[in-house]
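Chains as they are written, first to last, in this note's numbering: chain A, 1 to 363; chain B, 1 to 363; chain C, 1 to 363; chain D, 1 to 363.
Keep in mind that a hint or two might mislead.
As the list claims (entries may be wrong) - Lysine-lysine pairs mimicking BS3-like chemistry, simulated, CA-CA at most 27 Å apart:
no.: 1; chain 1: C; residue 1: Lys259; chain 2: D; residue 2: Lys257
no.: 2; chain 1: C; residue 1: Lys276; chain 2: D; residue 2: Lys259
no.: 3; chain 1: C; residue 1: Lys77; chain 2: D; residue 2: Lys259
What the hints contain is simulated information worked out from the structure, not anything from laboratory work.
4 protein chains.
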Amino acid sequence: MIIMKTDATTEEVAEVVKEIKKYGLRADVSKGSYRTVIGLVGDESKVSFEHFATLPGVKEARMVEVPYKLISREYSKQFESEEIERAVVRVGDIEIGGERPVFIAGPCAVEGHEQLLRIAEEAKEAGAHILRGGIFKPRSSVHSFQGLGSIGWEEAREALSWMREAGERFNLATVTEIRGEEQVDLAAEYVDMLQIGTRNMYNQDLLTKVARTGKPILFKRHFGAGIEEFLSFAEYIAAEGNKNIVLCERGILPVGKGKNYTRYTLDLGAVPTIQKETYLPVIVDPSHATGRRDLIFSMSCAAVAAGASGLMIEVHYNPAEALVDAQQAIMPDELREIVDVCREIHRLTRAHGNEKNQGKAGG
Amino acid sequence: MIIMKTDATTEEVAEVVKEIKKYGLRADVSKGSYRTVIGLVGDESKVSFEHFATLPGVKEARMVEVPYKLISREYSKQFESEEIERAVVRVGDIEIGGERPVFIAGPCAVEGHEQLLRIAEEAKEAGAHILRGGIFKPRSSVHSFQGLGSIGWEEAREALSWMREAGERFNLATVTEIRGEEQVDLAAEYVDMLQIGTRNMYNQDLLTKVARTGKPILFKRHFGAGIEEFLSFAEYIAAEGNKNIVLCERGILPVGKGKNYTRYTLDLGAVPTIQKETYLPVIVDPSHATGRRDLIFSMSCAAVAAGASGLMIEVHYNPAEALVDAQQAIMPDELREIVDVCREIHRLTRAHGNEKNQGKAGG
Amino acid sequence: MIIMKTDATTEEVAEVVKEIKKYGLRADVSKGSYRTVIGLVGDESKVSFEHFATLPGVKEARMVEVPYKLISREYSKQFESEEIERAVVRVGDIEIGGERPVFIAGPCAVEGHEQLLRIAEEAKEAGAHILRGGIFKPRSSVHSFQGLGSIGWEEAREALSWMREAGERFNLATVTEIRGEEQVDLAAEYVDMLQIGTRNMYNQDLLTKVARTGKPILFKRHFGAGIEEFLSFAEYIAAEGNKNIVLCERGILPVGKGKNYTRYTLDLGAVPTIQKETYLPVIVDPSHATGRRDLIFSMSCAAVAAGASGLMIEVHYNPAEALVDAQQAIMPDELREIVDVCREIHRLTRAHGNEKNQGKAGG
Amino acid sequence: MIIMKTDATTEEVAEVVKEIKKYGLRADVSKGSYRTVIGLVGDESKVSFEHFATLPGVKEARMVEVPYKLISREYSKQFESEEIERAVVRVGDIEIGGERPVFIAGPCAVEGHEQLLRIAEEAKEAGAHILRGGIFKPRSSVHSFQGLGSIGWEEAREALSWMREAGERFNLATVTEIRGEEQVDLAAEYVDMLQIGTRNMYNQDLLTKVARTGKPILFKRHFGAGIEEFLSFAEYIAAEGNKNIVLCERGILPVGKGKNYTRYTLDLGAVPTIQKETYLPVIVDPSHATGRRDLIFSMSCAAVAAGASGLMIEVHYNPAEALVDAQQAIMPDELREIVDVCREIHRLTRAHGNEKNQGKAGG
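Looking at chain A on its own, in the form it has when it is part of the complex (with noise of 0.2 Å):
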């Protein structure tokens, strides 16, 4: 990480920018407005920091021990006291990680132009911002329906044109994931923001090419991977000058033997020990963490009492008629009960201590 000086000049800025490709990496400037940080993507390890500080307009030089440097903290600190150092990502009009929870809902699957359009309506009244629809879904077996996207490009197509119609009419940004690097570009032109699955979370060429639309990235936790991975997976996106992520928590691996109650784990201290490491927001998905409606309340509720910046919740008008995951979606009238009360807890915990975890005040 190299600091620059507040009056470095953008010549001073570019001889940087030189002498890292030099060594073969490659250079993140990130502008402040009081400063400049310029991060280094690559190996860092045969870099002397030494040599950088002499540069003319460097302030400082050094390395940052953790694998995730450019959505580190340490990272975002030294935009000092007049920047913001928790950073707000916007989908459309929307803000998350900004002063009041986020609700990303609707159902798991796409599966027609009606269904969508009335889950649509029915979230946006419940309280929702954002509309989620899966079109390629990732499947345990390829014997299972794997969304209208997989039976061929002009289904997609398609779908994706729905989920458009559907955030233009009733005013929702939209999110749709993304399963295979041939579906990148389709997909952006369509939705507001591209998610990343958690089986795709360790796919380094699919997060690459996501990050290269500049849209804003939904990246899920995969649920085998520690925090240190998760976030070192994400820095493949910001590596690319992508910093517009908002990172997902959505169950990890149960443990120990017998009878698995919920599909997984929902592992809510990740929210602020992430929230500790990166400036980055956190929002949770209780939906396939719990697999079971009658759990979503109460974990909706403790996701925002632990910090979360929003939730991304699957609601179905007739839940039972889904053709995935029919268990665990709600009613647009249950989504509107944890929308206040969520509202209400996330109120209550900013006023007192986690405004700690999310705030300008730092951690």
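Following the hints, complete the assembly by docking chains B, C and D onto the known chain A.
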């Protein structure tokens, strides 16, 4: 499970118990105000429930499939509408599982008379109801401090008497952990509640022995145990006729590679999940789960939002000088803030969805 | 699964395939020397197997319960006594799953022409059959060396040509890992076998793409995946009509607290377990599993004793200077000792019990 | 650890021990034929090793960093070249950790006199050295059969006497599991070796109590324990001056989602890993690890190939009628095949690489 008719006589109940003993099993007789339910303790596989159904006074006889029969919701549901389906466990004057969240606080280890009394006083002022203090400390290394009680029986008795003194002076109920069978009777003389720690969850001989004291038991989940196992071992306590059991989630093994930012992973989904399986109250210990003072506020709020009936938190007036787990204890004024905010969250979430998990209405 | 009569005609088979397509499913037609078996690819839940059973030429039609139908033992068993029930996968001249254990060896990463050629020569002399060499390296950190192939397409092509050259010169088959979809066609031009690494096990779009090359696939288990999931994702390859699949156990996430002495935990029970579920050959990678040179001998012997059909081992003439995973590569003469002892163990265990898992006799 | 000079006097040793006690610690005095080494038991953090180094007769004094000091390789290495660095634990006439692999076999649970005697005879004929038989059975459910010893003390004594009788009649050493503190003294009267099962690995009060009998201890790893924890709890036994400890790997918690094909996951990498950390012998229990009769042969071979000094296998002349774990016991003639093949593998692997882990040469 044998459900007696509401007008079954004492003789009819006795007859059923006699029949059960013929199978080499024990009978667990629970009298509600409306009816009596008799649980079978032991291997039911050869029991003829058809035969029992024909005995005088028997309304219904059938096998309960789960291994935690005596503590199951199915069992408590038999006590029909006038009965409270969810147990309240009394510890001294305190009710766990009742209208208000309960706060158990105190030092990880009792280190001296003055230390304990001062913490007790400050914890009480901050809103605590029950004083915790470790005298027999389970430790991962034989080379670490094992608690005053491990030095000798005299030291154990003295430390226990301080617990009693602190409880009486500041009107706090008291709880301490039992680590081995020889400690049970001594500790039961001095404290109101006996704790089985995470490392002893599978120790069935110890469970049987603490259960027989009749004292309320604080039973912690092993960090590698699934929920079914946890409840199956709680059943060892219930099988001795002691159903004054408070279940405690305290963190499970972390998943994934790389640095661990917390000691364990708090499994808050366990709270509502367990509440749907059993009528026993569930509390949460964020101190051992996280091992980090700066996460206690967030995880306490999240635990109560998830539906927990109480919290167990390590408190010290000077955490840095604690002999054990110094990095996880909070100051009394931090406890006060947690008590205040958690009461609000408890009120808020119960007024909405969480009463479905906790109240009379059943799940 | 639809099992045709031994005298079913080509027209009858075509008719069945046509019927399958009516359900929106694909047909996987496997011709044995005695009979043809047709697997259904897609959601079978609405298929009427009773209807299929009545079609001309059909002997039997029924659902296979496991999600890995096309690679299951149940499927291969249909090819009755004259057929080999256990598949042998051919890579160049080499047979994996045949009479002798196969040794895949080479550097973690291809670093240069001379490095690769020298290792290839020494590995061949030590008894290796297939040369491995990483060109597109998946790494946990974007700041680590990602392999020559990640620098640019020209560098990728050059490194791949060295693999081909080394294979031809020393009569070794070759395998390299594919990390992203764009690398598939290029790599398929140069090497005999394509590897899907642990981090891409869940990457179904990539699996589909590599499968379509028709090349044999070395498919590694994800470190957080259960065996059912592992086989279910191998099914994505088989569903494209490519059953030249070699499964590879390479270590799973460790359990418990405290220091990790090895990188992962080698799950050798997976070897015979998988062999009882599927007809595909299973090999083991002790290098990535342990990450420790001093454990490779023991774990190689154990893997073959457990019934593995081969081993994949990192070899370097000077492990200390390897750019990636320097601490786990062994020297060529260590490989020779492993080859010698493992051949003995393979002979010994197959002569006794392991043939039950591996031979024609089925399980 | 305090290493005395080879010519240190008894008085000088006594003086060091006296100094150690001043710190409130205990001293573990190990006399080799060349020199004496003194381990400190307790919290060393305040010990001045500089001071000890100046005492008469002391060659060297320093802290051992690992929590398993007394059983560490670093400790045993002090007994220089003439000493055997790897301990052999004697159970009756049998040597565990010596030149030949040791086979412990018998029923899961002792069910009757005839059953036990018949199995003992057949196991002996098949090549077993030590008879196992469970009398106090730890069970996940209070409603399952807990072993004859759980019925009453008289039944316990009778079953134990059968073990002694079977051992004497067929010249087998004997081992049984201790589940609770009250069983220790009784069992120690009748059997040659006491077993601590997986569920009691963390039960430090029980460990201390069995250690004090002076009997050899078969110490099983908890299924959720890392290796460091496992060794740290073995240290509780060593800290009582009892180093006749045999460590046993018996399977850890499985990873991933979906069906479990085996009860636990056998961690064979633990065998050589532990052998590099400690001088104690390591054996493997494939019966509890897999829970499947058809995997015992493969996993037994693999365990010995990995370097195990012995195996513990459940054997029954009629597995189907066993009261506990019926699906995992093998027949005596299957045991004979395992004994034969494993002896060959043991000879083969020790002649090559595994002696590096096991022999005098150290690691």
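Against the structure, test the hints numbered earlier, and report the numbers of the ones violated in rising order.
none
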